[in-house]
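Chains as they are written, first to last, in numbering that gives the first Met the number 0: chain A, 0 to 432; chain B, 0 to 187.
If you're looking for bench data, these hints aren't it; they were derived computationally from the structure.
Please note that a few of the clues may not be correct.
Rough simulated footprint, nothing fancy, chain A against chain B, three-plus residues with beta-carbon under 8 Å [as the list claims (entries may be wrong)]: (1) 12 to 24; (2) 28 to 37; (3) 81 to 88; (4) 173 to 182.
Listed next, with one range per pair, are the computed distances between beta-carbon atoms [to be verified]: (5) Lys-2(B) x Asp-258(A): 43 to 49 Å; (6) Lys-2(B) x His-75(A): 35 to 41 Å; (7) Met-0(B) x Asn-77(A): 47 to 53 Å.
This structure is a prediction, so every number in the text was calculated from the model and none was measured.
C-beta: ideal position from N, C-alpha, C; glycine also.
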Amino acid sequence: MGMTITEKILAAHAGKDSVFPGDNIWVDVDVLMTHDVCGPGTFAIFKKQFGENAKVWDRDKVVIIPDHFIFTEDTHANRNIDILRQFVKEQDLPHYYDVGTDNYKGVCHLALAQEGFNRPGEVLFGTDSHTSTSGAFGMFSTGIGNTDAAFILGTGKIWVKVPESMCFEFTGKFPDHVMAKDVILNVIGDIGVDGATYRSMEWRGDAVMSLSMEERMTLCNMAIEAGGKNGIIEADEVTTDYVRQRTDRPYKIYHSDEDAKYFFKKTYNASEMESIVAKPHSPDNKAKASECEDVKLDRAYIGSCTGGKLTDFMAAAKLLKGRKVLIDTFIVPATREVEEDLHKEKIDGETLIDIFKNAGAYLGDPSCAACLGGPKDTFGRAKDNQVVISTTNRNFPGRMGSKQSHVYLASPYTAAASALTGHITNPADFVNN
Amino acid sequence: MKKIIEGLAYVLGNDVDTDQIIPAEHLVYSLSDPEEKKNYGKFALTGVPGEQAGLPEGNVSFTEGDNFESKYSIIIGGKNFGCGSSREHAPACMEIAGVRAVVAQSYARIFYRNSVDGGFFIPFECETRLVEEIKTGDDLKIDLEANTLSNKTQNKTYDLKSLGEVIDIIEAGNIFEYARKTGMIASS
Ligand code: SF4
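Chain A extracted, bound-state conformation:
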């Protein structure tokens, strides 16, 4: 019987010819990523279990990217960065991107891609649930906790239950104002926040393959919001073009077999997609942006691993150019590279950064910032009962810092259009004019 791309990658990393959904297997790990929130706990468990002087299984396969609580006075948060530094020094780890140095990157999931750690056919685990993002590169990637990460640090292996696969196919062409964020919010709205629990979400179809790597990352990023174990898109030329610019390492491209078995298969007509928001307080609380125009907003937030990439800011800038925002609007590039691009990329001769400044938006430093609330002094952290439109991925109660706030998840187009009007706005007219 045929296998899906996820099954093939897992089989190859377990030294087997084939695997079946439900099999418990031990896989060899190509990359382990951790960050400032989960690194310290992971290292403590690693030392407790393998000994004070134990060495990690492979220095070259460990990637440490501080990104969550970065620009803060919080002493505990800053101490966590010191713990990362200490561990990196002890273990002499080459892939560390320290805060306050030229080497600092920002949000781990985009940094992994930009630094060449996302390679087709590989297996990547990270101590962050949005590690599913890397699946956009035709690799298996998923989030784990500190204990599993410590186990990998010591052994290079971890057990995996092979997931069943679900196939989401989009044929045709997405309308110009529809972004990957709308597509994933639409799907999560259809299947629910536990609709893909334990399963793989595979994206296919010419509409998906027409997307840039950054847009593909957005699709895979939010697999976890449907409970998914991983999101995955077969690698093609778009993928290899991106990867080749970032790394010389070899990779292997896998394809799903024609007769592979899927737990669920659905084909969507891409041209029927619309701008979607997820209403408070759940990513599956779907509505069309056009149905929510009576929702008055206090602020807009454009950032995070989901909505803080260059393509996201290009989209926002297109709408904000030459206009003024009516509500507080926060712009947080995911990584340093994105921030630099905001200074370089132009629309009709004006840089994105100037477009945002002239529109009256506030600019933050690259990091996770208010996507997860964070310490009290975090840039863009929601206050009181504010109503926020955000390009992030979660609108659970309190996620952005205030339990009383109301967060609507949306695409960068929708967030930008809404920032201009002060209420939730379907971006179609702005984009098409």
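Once you have looked at the hints, place chain B with the ligand on chain A.
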């Protein structure tokens, strides 16, 4: 492994996410410092919206004041318990507060895995929607051999789903002990 777990119930609803279990601003404390880690117990479940906290009445604090231990040691949940982030601080804070078992309709996978691999508490599943049956404060007893949950306050007993393959890891204590038992890693 203990064969019987007894304690008072604390009842929550569906989709209890990890930001509710431990809000992100608290993820800064050390889990290896015995004093500092008590903070996790103190802030466990403080992100749950008031009306959902301690059903059916709601607005029941899980821990009181500066206490890091809760009088409730068995959590009853609905669907998709523990969804959201991979933060192991979530099952850890519940254990620090004294939770010994969770009985939910279903779990989000990372949370489930963390609970088992880290050996924080036993995540049971039950087909009956206990959220509507059990009240916060009810006196419960879980019998691991019979695979049942008894509500002593209401004199009712429910079947729990089998723990399946993860029972081996639960019995060993955590993933490391399991790997030592099976010879995957050297015994310490
Ligand atoms: S930007 Fe938000 S979702 Fe992405 S890694 Fe950071 S906290 Fe998590």
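Non-conforming hints, listed in increasing numerical order: Of the numbered hints, just 7 does not hold.
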